[in-house]
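*Asks:* In case you want the letters, here they are:
2 protein chains.
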Amino acid sequence: MLSAETSTSQLQELKNRLLEINNLTSAASLLHWDQATYMPPGGAAARGRQIATLQEIAHQKFTSPQIGELLAQLSSEQPDNHVDSSLIRVTKKDYDRAIQIPAELMARIYQHQAESYVVWGKARPENDFKAVEPYLQKNLALSQELASLFPNQEHIADPLIAEADYGMKATTVRSLFAELRQQLVPMVEAIASQPIPDVNCLHQHFPENQQLDFTLQVIKQIGYDFQKGRQDKTLHPFMTKFSLGDVRITTRVRGNDLSEALFSTIHETGHALYEQGINPEFEGTPLAHGTSAGVHESQSRLWENLVGRSHNFWEYFYPQLQEVFPEQLGNIALETFYQAINKVERSLIRTDADEVTYNLHVMIRFELELQMLEGKLAIQDLPEAWNTAYQNDLGVTPQNDSEGVLQDVHWFVGSIGGMFQGYTLGNIMSAQFYQAALKAHPEISQHIQQGQFSTLHNWLKTNIYQYGSQYTAAEVVERATGSPLTIEPFINYLRSKYALLYPSAF
Amino acid sequence: MLSAETSTSQLQELKNRLLEINNLTSAASLLHWDQATYMPPGGAAARGRQIATLQEIAHQKFTSPQIGELLAQLSSEQPDNHVDSSLIRVTKKDYDRAIQIPAELMARIYQHQAESYVVWGKARPENDFKAVEPYLQKNLALSQELASLFPNQEHIADPLIAEADYGMKATTVRSLFAELRQQLVPMVEAIASQPIPDVNCLHQHFPENQQLDFTLQVIKQIGYDFQKGRQDKTLHPFMTKFSLGDVRITTRVRGNDLSEALFSTIHETGHALYEQGINPEFEGTPLAHGTSAGVHESQSRLWENLVGRSHNFWEYFYPQLQEVFPEQLGNIALETFYQAINKVERSLIRTDADEVTYNLHVMIRFELELQMLEGKLAIQDLPEAWNTAYQNDLGVTPQNDSEGVLQDVHWFVGSIGGMFQGYTLGNIMSAQFYQAALKAHPEISQHIQQGQFSTLHNWLKTNIYQYGSQYTAAEVVERATGSPLTIEPFINYLRSKYALLYPSAF
Numbered sequence: 000m001l002s003a004e005t006s007t008s009q010l011q012e013l014k015n016r017l018l019e020i021n022n023l024t025s026a027a028s029l030l031h032w033d034q035a036t037y038m039p040p041g042g043a044a045a046r047g048r049q050i051a052t053l054q055e056i057a058h059q060k061f062t063s064p065q066i067g068e069l070l071a072q073l074s075s076e077q078p079d080n081h082v083d084s085s086l087i088r089v090t091k092k093d094y095d096r097a098i099q100i101p102a103e104l105m106a107r108i109y110q111h112q113a114e115s116y117v118v119w120g121k122a123r124p125e126n127d128f129k130a131v132e133p134y135l136q137k138n139l140a141l142s143q144e145l146a147s148l149f150p151n152q153e154h155i156a157d158p159l160i161a162e163a164d165y166g167m168k169a170t171t172v173r174s175l176f177a178e179l180r181q182q183l184v185p186m187v188e189a190i191a192s193q194p195i196p197d198v199n200c201l202h203q204h205f206p207e208n209q210q211l212d213f214t215l216q217v218i219k220q221i222g223y224d225f226q227k228g229r230q231d232k233t234l235h236p237f238m239t240k241f242s243l244g245d246v247r248i249t250t251r252v253r254g255n256d257l258s259e260a261l262f263s264t265i266h267e268t269g270h271a272l273y274e275q276g277i278n279p280e281f282e283g284t285p286l287a288h289g290t291s292a293g294v295h296e297s298q299s300r301l302w303e304n305l306v307g308r309s310h311n312f313w314e315y316f317y318p319q320l321q322e323v324f325p326e327q328l329g330n331i332a333l334e335t336f337y338q339a340i341n342k343v344e345r346s347l348i349r350t351d352a353d354e355v356t357y358n359l360h361v362m363i364r365f366e367l368e369l370q371m372l373e374g375k376l377a378i379q380d381l382p383e384a385w386n387t388a389y390q391n392d393l394g395v396t397p398q399n400d401s402e403g404v405l406q407d408v409h410w411f412v413g414s415i416g417g418m419f420q421g422y423t424l425g426n427i428m429s430a431q432f433y434q435a436a437l438k439a440h441p442e443i444s445q446h447i448q449q450g451q452f453s454t455l456h457n458w459l460k461t462n463i464y465q466y467g468s469q470y471t472a473a474e475v476v477e478r479a480t481g482s483p484l485t486i487e488p489f490i491n492y493l494r495s496k497y498a499l500l501y502p503s504a505f
Numbered sequence: 000m001l002s003a004e005t006s007t008s009q010l011q012e013l014k015n016r017l018l019e020i021n022n023l024t025s026a027a028s029l030l031h032w033d034q035a036t037y038m039p040p041g042g043a044a045a046r047g048r049q050i051a052t053l054q055e056i057a058h059q060k061f062t063s064p065q066i067g068e069l070l071a072q073l074s075s076e077q078p079d080n081h082v083d084s085s086l087i088r089v090t091k092k093d094y095d096r097a098i099q100i101p102a103e104l105m106a107r108i109y110q111h112q113a114e115s116y117v118v119w120g121k122a123r124p125e126n127d128f129k130a131v132e133p134y135l136q137k138n139l140a141l142s143q144e145l146a147s148l149f150p151n152q153e154h155i156a157d158p159l160i161a162e163a164d165y166g167m168k169a170t171t172v173r174s175l176f177a178e179l180r181q182q183l184v185p186m187v188e189a190i191a192s193q194p195i196p197d198v199n200c201l202h203q204h205f206p207e208n209q210q211l212d213f214t215l216q217v218i219k220q221i222g223y224d225f226q227k228g229r230q231d232k233t234l235h236p237f238m239t240k241f242s243l244g245d246v247r248i249t250t251r252v253r254g255n256d257l258s259e260a261l262f263s264t265i266h267e268t269g270h271a272l273y274e275q276g277i278n279p280e281f282e283g284t285p286l287a288h289g290t291s292a293g294v295h296e297s298q299s300r301l302w303e304n305l306v307g308r309s310h311n312f313w314e315y316f317y318p319q320l321q322e323v324f325p326e327q328l329g330n331i332a333l334e335t336f337y338q339a340i341n342k343v344e345r346s347l348i349r350t351d352a353d354e355v356t357y358n359l360h361v362m363i364r365f366e367l368e369l370q371m372l373e374g375k376l377a378i379q380d381l382p383e384a385w386n387t388a389y390q391n392d393l394g395v396t397p398q399n400d401s402e403g404v405l406q407d408v409h410w411f412v413g414s415i416g417g418m419f420q421g422y423t424l425g426n427i428m429s430a431q432f433y434q435a436a437l438k439a440h441p442e443i444s445q446h447i448q449q450g451q452f453s454t455l456h457n458w459l460k461t462n463i464y465q466y467g468s469q470y471t472a473a474e475v476v477e478r479a480t481g482s483p484l485t486i487e488p489f490i491n492y493l494r495s496k497y498a499l500l501y502p503s504a505f
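In order, the protein sequences belong to chains U and L. Just so we're aligned: 252 in numbering that gives the first Met the number 0 is position 253 of the first sequence, and the numbers increase by one with no gaps anywhere. Just so we're aligned: 311 in numbering that gives the first Met the number 0 is position 312 of the second sequence, and the numbers increase by one with no gaps anywhere.
Honestly, the hints are just simulated from the structure, not real lab data. There could be a bad hint or two in this list.
Here are the in silico distance ranges between beta carbons for each label pair [said to hold, decoys possible]:
no.: 1; chain 1: U; residue 1: I98; chain 2: L; residue 2: E12; range: 23 to 29 Å
no.: 2; chain 1: L; residue 1: L211; chain 2: U; residue 2: P318; range: 34 to 40 Å
no.: 3; chain 1: L; residue 1: Q59; chain 2: U; residue 2: Q99; range: 24 to 30 Å
no.: 4; chain 1: U; residue 1: Q465; chain 2: L; residue 2: A51; range: 27 to 33 Å
no.: 5; chain 1: L; residue 1: L18; chain 2: U; residue 2: Q448; range: 57 to 63 Å
no.: 6; chain 1: U; residue 1: Q451; chain 2: L; residue 2: E322; range: 48 to 54 Å
no.: 7; chain 1: L; residue 1: T461; chain 2: U; residue 2: K137; range: 43 to 49 Å
no.: 8; chain 1: L; residue 1: A71; chain 2: U; residue 2: E280; range: 46 to 52 Å
no.: 9; chain 1: U; residue 1: A102; chain 2: L; residue 2: Q59; range: 17 to 23 Å
no.: 10; chain 1: U; residue 1: N311; chain 2: L; residue 2: L211; range: 40 to 46 Å
no.: 11; chain 1: L; residue 1: R253; chain 2: U; residue 2: T233; range: 29 to 35 Å
Glycine is no exception: its CB is placed at the ideal position from the N, C-alpha and C atoms.
Please construct the entire structure, taking both the sequences and the accompanying hints into account.
*Replies:* The structure is reproduced here in structure tokens:
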């Protein structure tokens, strides 16, 4: 047993070291952000090595024996304070993982991913699966090598899944997804037999600056704090954080597609609200992050879909949108617009998918990942397996690999395994959280209709955001909703919303 | 003696270490740039500690015993290659300096400067010298403590001057400045007796975006490479570099002052052309920087004044400027505009001063710095000494300290000593370099008249830019112009230009 004083000073020492590491990784994040937003082409070569140096030093400092000793000593105590014990728990989890992985393996993985990304970038437009085949092959071997470093696993994918969604295992996710698939496939089939709504109203010419101005106004009203963040344009939208007071989002705008900037901005805003809402006392510690990929995605999807694609939301905002685009939308009824932004269609591209079909895309990828890791699916057979799964679950077959197995970047910049389940876990959670919020505050629907988002935002802050990583994903779900993760609220949400949109299908 | 092979591998080891350090300091520069351009207010607190961490680790790594050993071994050799021997010389100079200064003194200095900056920011608008007096007092003591770490100095200011302008000493600069002052004071007096030209044409309403577009066009044509840089708006203009392929400038625009954005942009472009022009093989080493404050300033001033305020330059650009601002300038003759941008006036504020009076402002500060360091001028007597000097040299007396001793930030964010001489050294050099360029290529004047800047730009690249820090300032001057630093070309330049503008004064 350590004396209370020793323990306090050791905890302080740990926090000081973690803060220094946080300063390095936050700096690396800014270098990434600049690379994606403003960096001139000539800066690219040096930028790569600058980021690598910061990450390398951060890794060295985090895996130092001193951190290990501090954690060993502090873990033998159980601090009264829940925040402190969470800090030690989360840091120890990350540390145990970090020291398990040899630096030379990480170097091989990064090197391979850098090369794969380039090859994929060329192969996708050229529809050339053969070109990426050896890279996927090697990535699979590297992913298996990485996963096998963690002994006593039930499933080889478990350590990869745990990296993003701590507490989740392949078997749990598999059975949760099987349950969901069983509900979704017939629902999608039934909706697909209905006439497709007209979406022409979204595909007129909408000047980019006016789109941006409108989205800024929307996210300001939702509760995004521009004193603690900003929005910039990038090729691919993302959220990034340099401190709890500097949480930025990026947006892509398309002059001929109104939904692109609008919904991707609300999506990233959801991620940002989570990070902006974390207890400021956690600043600079590993608690100052969203607790898992799933919970993070639950917030982007809650704001994007359950709020941003709701009828209430547009009852408030649609007249404003019409004012910004009178020529394009002046004669388009709210109902037409509402149907267009909620069109359900069995399609080939995940990132364009609606909220009913989206999870089928994700679950196909998750299952293929598992099979590859298990050695049951060879890379050369991947395109066929992909196409068959699409035909089975979505009733469509890619005409080529560009719109099939080559569409996502994930397997070229990350592991094969652990990259996709968070999307669907997030969708499931989003409905469970929203249902709990509505139960606590039934007035939320009406408030949204009036453009007042703080009732919902405050409930989310109080029950989810403020805790950062203090609680695990499972704890957050249980504490905020009173029950473990369940697909029921999500299925109920889809049924009740889409029964109104497609009455003959239900 | 080391074997050639050992020496090569040691040099490579040194370069690897320097590259890692360069990656850290370049990252810190990006964090600074972001702080000045896009960072939301909420990011400020964390940003300070992020930058501090990067600088601290870079300092630790640079002052490590391994660097010392490598330098000791490499210095005992004399590589055949001039680039390598320069690299070792410059690194050794920086290293010897860095290890001389205890980390705790640097920490005290940074801490004090951070506090002083805040106090100055409040005291200047409030005209409150008493508020800053103790801070200046302490900064003087710290500056003296820092300087005294370097033994065997002729003058206490020498180590502070050498930090910015290596090779320069207080006595050399003092006598050079005395010579210059002797020429300038009567010249300024003579011009001041003439009627002041009308500058109203510069102070109409000029929309900011149009100003920015025009300056972008100008610096593009001058030769600033936007593939290797970009321009953003800031409160105070500056140039910064993250790699030789990413050299950025910032600009301040005033809607009621055409000269602000225009000339400050050309000024920063001059700094940027120097850095963009350095031999790409020096990337990541201490040779990949301009060689001294003076030579750097010579380039910003050469492009801003000798080119950017020349008659030839505006013969080409003025018609274009008139096209951008037809209402404001359509009826203003080129000569009126030319006289306005070259107005000479004995004034109180250094940053607003014209090129004839500017150096008198600088020399007053330089002399006061020396006297403070020598212990001959007490801080409490500084305002009076300042005002007396202004009356003597410029014939004007500040009505209050805001427009007097409180106007510059330098003594609140840097040492007292070494902060100012570079401006005037740069002005002197700018004319000497330009004269040499014109001697080699008399067609430069005509080319500028035609909007062709590459003849001049190429001469500067070939004779100055490409070398980075491979040669010292004195060597660069000697090699590029065939003679040591001399005030003659600068005086001749002023005489011949201003004799045409103020014929009765000469």
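*Asks:* All hints, please: hold or fail.
*Replies:* Verification of the supplied hints:
1. U:I98 / L:E12: 23 to 29 Å: Holds - the Cβ-Cβ distance for I98 (chain U) and E12 (chain L), about 27 Å, lies within 23 to 29 Å.
2. L:L211 / U:P318: 34 to 40 Å: holds, 36 Å
3. L:Q59 / U:Q99: 24 to 30 Å: 28 Å Cβ-Cβ, so the 24 to 30 Å window holds.
4. U:Q465 / L:A51: 27 to 33 Å: holds, 28 Å
5. L:L18 / U:Q448: 57 to 63 Å: Between L18 (chain L) and Q448 (chain U), where Cβ atoms are some 58 Å apart, the hint holds.
6. U:Q451 / L:E322: 48 to 54 Å: Hint holds: Cβ distance 51 Å, inside 48 to 54 Å.
7. L:T461 / U:K137: 43 to 49 Å: At roughly 47 Å between Cβ atoms, K137 (chain U) and T461 (chain L) fall inside 43 to 49 Å, so the hint holds.
8. L:A71 / U:E280: 46 to 52 Å: holds, 48 Å
9. U:A102 / L:Q59: 17 to 23 Å: holds, 20 Å
10. U:N311 / L:L211: 40 to 46 Å: Because 42 Å falls inside the window, the suggested range holds.
11. L:R253 / U:T233: 29 to 35 Å: For R253 (chain L) and T233 (chain U) the Cβ distance comes to about 31 Å; the hint holds.
Hint check: no violations occur; every hint is consistent with the structure.
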